[in-house]
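Visitor: One-letter residues, chain by chain:
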Amino acid sequence: MLTVAAIALCVGQAGLTRDSPGARWSVALLVGVALVTAIVLGRGRQRRSSGAWIALSADWIQHWRTQPRSLRTVVIVWTALVVAVVGWDLVNFIVQSHALPTLSYFIGRVSRYQVGRGVLFALWLVIGAYLVAAGRATQGEP
Amino acid sequence: MTLAIVVGSTVWLILLAAIAAWSAVLARHRELWLGSRLIVRWLLSSWMSRIVLLAFWAIAGWHIFCQRP
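The listed protein sequences derive, respectively, from chains A and B. This note's numbering puts the first sequence at residues 1 to 142. This note's numbering puts the second sequence at residues 143 to 211.
In case anyone wonders, no lab produced these hints; they're calculated from the structure. Note that this is a predicted model, so its numbers are computed, not measured. Don't be surprised by glycine CBs; every beta carbon is placed ideally from N, CA and C. Worth double-checking, as some hints may not be accurate.
Selected chain B positions facing chain A (in silico; Cβ < 7 Å) [to be verified]:
1. V148
2. V153
3. A159
4. A162
5. S188
6. F207
This is chain B alone, in the form it adopts within the complex (with noise of 0.2 Å):
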């Protein structure tokens, strides 16, 4: 399997360095940890956010195994 590093590729690969870099500070900070977590608790908190993030999630599940090969 061959994968040219594109521009737009290049690009994948730093924001996925930010997200790593970002994951291990949070590893490292306990109240950045929690406040990450009370984000994810607050967006479960109301009827409307659940259902919205529970509508990304059925759309990205469509996508990823009925469109995408």
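Same shape as in the complex, but just chain A (with noise of 0.2 Å):
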């Protein structure tokens, strides 16, 4: 049932454009569908609070060279990587010239088709549900 009605929201936004009132609508009703669900899954499921989790982040990075070498590796390059990603979309947003096409350029080229549009939307869904109701703890773990 929610698999069907995910494609049919799909197919209807693929036929609607950025100005269209029923696109605005649709994403800012699904963002607050999303939010309302993760509050109501999330409850007494978050495995650990955000101070705690600030705390580990905090001592994770001060003891960056005793964790294994495989995490290290991992987090260095996904780190290296959105940095990079971040930042060069940025210079280009800052400079505003035409040799310099933002990541949104390239989105926009790809959202301006029905398809594409219809594809950027699933995928952004399937995140966004990913995110929603992802990494809860269950029932009796901490």
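Build the complex: two chains, separate frames, hints provided.
Guide: Right, dumping it as structure tokens:
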């Protein structure tokens, strides 16, 4: 049922344009639903408090040399890739030159077509569902 | 559809190649793949980090579907 609704949403969204009220209302509504669902699903099932998360993250960074080598590699490479993509996008956005297209520009080349917009919307929905539901503590787990 | 290869596009292609190469490495090395999953689980383990990720997701959705063509 949920899958059918999601597919219908993607097909409906594919036929909309960025300026249409339908596109804005549906995205805003989905964001609201995602937030409410995250809160409902997460009540008492979040693995640690935000304070503990910050403290453990700071501790990990402070003692990063003692962490397993594979984990250090993964953290360093992912951080470098994310910083490179965000940094380069930011530079292109600030300079505003045709020679320096932003990531948005490339996404716009895809989302201007119905199929591209529908596929991007499906991808966005999947990511959102994962962020809402994944990584919850199961019963009896701390 | 034509897409002129300008300086900025070249850098994007290099970044795309780097992400593809790293994905290939992850597919071959189980411990690196599990490490990547561990990072995601870590980011979703507290309310604060989960809400921050959801905020980025919401902003991205609004930008892509309500602002871009």
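Visitor: Do the numbers back the hint for B/A159, that is, is its least Cβ distance to chain A under 7 Å?
Guide: Violated - the Cβ of B/A159 stays beyond 7 Å from chain A, reaching only about 11 Å at its closest.
Visitor: Quick check on B/S188 please, does its C-beta sit within 7 Å of some C-beta on chain A?
Guide: At 3 Å from the nearest chain A Cβ, B/S188 passes the 7 Å test, so the hint holds.
Visitor: Does B/V148 meet its interface restraint, that is, does its C-beta lie within less than 7 Å of any C-beta in chain A?
Guide: Cβ of B/V148 sits 4 Å from chain A, so the hint holds.
Visitor: Holds or violated: is there a CB of chain A closer than 7 Å to the CB of B/A162?
Guide: violated (11 Å)
Visitor: Closer than 7 Å between Cβ atoms is the bar; does B/V153 clear it against chain A? Give me holds or violated.
Guide: This interface hint holds because 6 Å falls under the 7 Å limit.
Visitor: For the hint on B/F207, does the least C-beta distance to chain A fall short of 7 Å?
Guide: Constraint on B/F207 satisfied, holds at 5 Å.
Checked against the numbered hints above, the structure breaks hints 3, 4 and satisfies the rest.
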